[in-house]
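Each chain, written out:
2 protein chains.
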Amino acid sequence: MIGVFDSGVGGMTVAKAIEDLCPQLPLIYFGDLARSPYGSKSSEVITTCCCRNIDFLIQQGATVVVIACNSAAATAAETLRRQYTLPIIDVVTATVEKAAMASTAGRIGIIGTRATIRSKIYEARLTTVRPACRIASQACPLLVPLVEEDWLGKQETKMILRRYLYPLHQHQIDTLILGCTHYPLLGDLIQARIGKKVRLVDSSAEAARHLKEFLDKNPEIGSNMTEHERQSRFFVSDSTGPVQRLADRIFGRPIYLEKVDV
Amino acid sequence: MIGVFDSGVGGMTVAKAIEDLCPQLPLIYFGDLARSPYGSKSSEVITTCCCRNIDFLIQQGATVVVIACNSAAATAAETLRRQYTLPIIDVVTATVEKAAMASTAGRIGIIGTRATIRSKIYEARLTTVRPACRIASQACPLLVPLVEEDWLGKQETKMILRRYLYPLHQHQIDTLILGCTHYPLLGDLIQARIGKKVRLVDSSAEAARHLKEFLDKNPEIGSNMTEHERQSRFFVSDSTGPVQRLADRIFGRPIYLEKVDV
Numbered sequence: 001m002i003g004v005f006d007s008g009v010g011g012m013t014v015a016k017a018i019e020d021l022c023p024q025l026p027l028i029y030f031g032d033l034a035r036s037p038y039g040s041k042s043s044e045v046i047t048t049c050c051c052r053n054i055d056f057l058i059q060q061g062a063t064v065v066v067i068a069c070n071s072a073a074a075t076a077a078e079t080l081r082r083q084y085t086l087p088i089i090d091v092v093t094a095t096v097e098k099a100a101m102a103s104t105a106g107r108i109g110i111i112g113t114r115a116t117i118r119s120k121i122y123e124a125r126l127t128t129v130r131p132a133c134r135i136a137s138q139a140c141p142l143l144v145p146l147v148e149e150d151w152l153g154k155q156e157t158k159m160i161l162r163r164y165l166y167p168l169h170q171h172q173i174d175t176l177i178l179g180c181t182h183y184p185l186l187g188d189l190i191q192a193r194i195g196k197k198v199r200l201v202d203s204s205a206e207a208a209r210h211l212k213e214f215l216d217k218n219p220e221i222g223s224n225m226t227e228h229e230r231q232s233r234f235f236v237s238d239s240t241g242p243v244q245r246l247a248d249r250i251f252g253r254p255i256y257l258e259k260v261d262v
Numbered sequence: 001m002i003g004v005f006d007s008g009v010g011g012m013t014v015a016k017a018i019e020d021l022c023p024q025l026p027l028i029y030f031g032d033l034a035r036s037p038y039g040s041k042s043s044e045v046i047t048t049c050c051c052r053n054i055d056f057l058i059q060q061g062a063t064v065v066v067i068a069c070n071s072a073a074a075t076a077a078e079t080l081r082r083q084y085t086l087p088i089i090d091v092v093t094a095t096v097e098k099a100a101m102a103s104t105a106g107r108i109g110i111i112g113t114r115a116t117i118r119s120k121i122y123e124a125r126l127t128t129v130r131p132a133c134r135i136a137s138q139a140c141p142l143l144v145p146l147v148e149e150d151w152l153g154k155q156e157t158k159m160i161l162r163r164y165l166y167p168l169h170q171h172q173i174d175t176l177i178l179g180c181t182h183y184p185l186l187g188d189l190i191q192a193r194i195g196k197k198v199r200l201v202d203s204s205a206e207a208a209r210h211l212k213e214f215l216d217k218n219p220e221i222g223s224n225m226t227e228h229e230r231q232s233r234f235f236v237s238d239s240t241g242p243v244q245r246l247a248d249r250i251f252g253r254p255i256y257l258e259k260v261d262v
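Each protein sequence line maps, in turn, to chains G and W.
Residue 83 in my numbering is what sits at position 83 of the first sequence, and the numbering runs on without skipping anything.
Residue 6 in my numbering is what sits at position 6 of the second sequence, and the numbering runs on without skipping anything.
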């Protein structure tokens, strides 16, 4: 089984992208809503949470894990790979590959949570793959609460986006990494404010693509599922109304969230 | 010792109000930043967190506990009082008393997190104390992130406040309860938008006043402290730059935050 986790429901944009790309593949999703958001927390705390999440997914039968949270991937993925033997796919690695290839002039912008931007992981990885590129990054800590409040169409959201994107616009970026799995929900608004010529790289879609490549190379992993397992399940460590609505919206259908203590 | 806890640093406005009112009284503060915010979480999860927080404060020598978080007080205080024998002071009880007395026409507004507003505790308590009053409440989930981002003076914050306060303005309230310990930092902005005639009731100041009354009636509690204990200490379950800055700002001096695993 494929295990996918995030601090909350943002990672469901990754789960949905996986579903679109590999419709036959059932998932076990875990959203750590009792401890969300991760983006404002320290790497230490995020790493502790990730270990708990992976232990839970393994317990539920996961044999591959997708870290569907940029804050977790940026701060904890390396530690987690040393600690666990199962394959770990993460949103950052896939996204870096794509952005480095997509950028025409090598001027790449990154937006993400404080934890992701503070880690400087995108800068480090991008300059390894494409040493001559110039990178500008911007923490956008208010975007996750705005998405979770469903304030997508509101004037304040547009103003806040403009404020966050302005420095990147000044850097004349040609490619922008949406370095948080909540941000695909703001894709159109971001595109309208950063300009049509800037190519957006969506970390959720890239993580799904990366998983698919991995499974194509390792077909045994997707094939040994029992009948019982052939259905996606969505677990959360806490559940409230707004979260349920966001989950339903991401998938475009009612999603049953099973509450568990982790 | 007096133990004070909150989901994060908002409760430090209560700790500061206690310091102003009882300068000789050392505190043990605990901010549960590894799990913050509480305001978007369910009562179950909030209650579990509160038990851990109180156990930690007792371990550190607390003999009275102040719940300096409206979301926690609103959803968990009654359960906690059944579970613990030590006295528990909470922000809600003190605030209700004051608001019921302060209101001239009995038209009272309440702003708070989703958890606080969903609990309807202010409505229930107010109508017990003052049955004829008319109450209007409004969840303001974006205010905590805006305060934590230090966006107090920004245009977007003013617009968002106006949007949240508009329905209360329509209800012609004469008194407004600031039902979250982050909100005193927005006091002037709120007053300017709701109108000068509306009396603001600050739950942080009221909790401090309530504690002082309790200690005046029970002088033995404040008096049996050892020399070692005669200094306030601030513990947090996680620490990051913005949190440190907010703590220093609330107290107007550098605050040493001790990180602990709880």
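Rather than coming from a laboratory, the hints here were simulated on the basis of the structure.
Just so you know, these numbers come straight off a predicted model, no measurement behind them.
Mixed in with the good hints, there may be bad ones.
You can't tell identical chains apart in this list, so a pair holds if it fits in one copy or across any two.
Below are the BS3-like pairs computed for lysine-lysine, each with C-alpha atoms no more than 30 Å apart in a straight line [said to hold, decoys possible]:
| no. | residue 1 | residue 2 |
| --- | --- | --- |
| 1 | Lys158 | Lys217 |
| 2 | Lys212 | Lys120 |
| 3 | Lys98 | Lys120 |
| 4 | Lys259 | Lys120 |
| 5 | Lys197 | Lys98 |
| 6 | Lys158 | Lys259 |
| 7 | Lys196 | Lys154 |
These are the hints, each one checked on the structure:
For the identical chains of this complex, Lys158 and Lys217 are neighbours neither inside a copy (42 Å) nor across copies (53 Å), given an alpha-carbon limit of 30 Å. For the identical chains of this complex, Lys212 and Lys120 are intra-copy neighbours only, at 27 Å inside a copy versus 47 Å across copies, given an alpha-carbon limit of 30 Å. In this homomeric assembly, Lys98 and Lys120 come within 30 Å of each other (Cα to Cα) only inside a single copy, at 17 Å, whereas the closest approach across copies is 49 Å. In this assembly of identical chains, the alpha carbons of Lys259 and Lys120 lie at most 30 Å apart only when taken from different copies (24 Å versus 34 Å within one copy).
Taking the shortest alpha-carbon separations for Lys197 and Lys98, only the intra-copy value of 17 Å comes in at or below 30 Å, while the best inter-copy value is 57 Å. For the homomeric pair Lys158 and Lys259, neither the shortest alpha-carbon distance inside one copy (34 Å) nor that between copies (37 Å) is at most 30 Å. Taking the closest pair of Cα atoms, Lys196 and Lys154 come within 30 Å of each other both inside a single copy (21 Å) and across two copies (28 Å).
Hints 1, 6, counting from the list given before, are not met by this structure.
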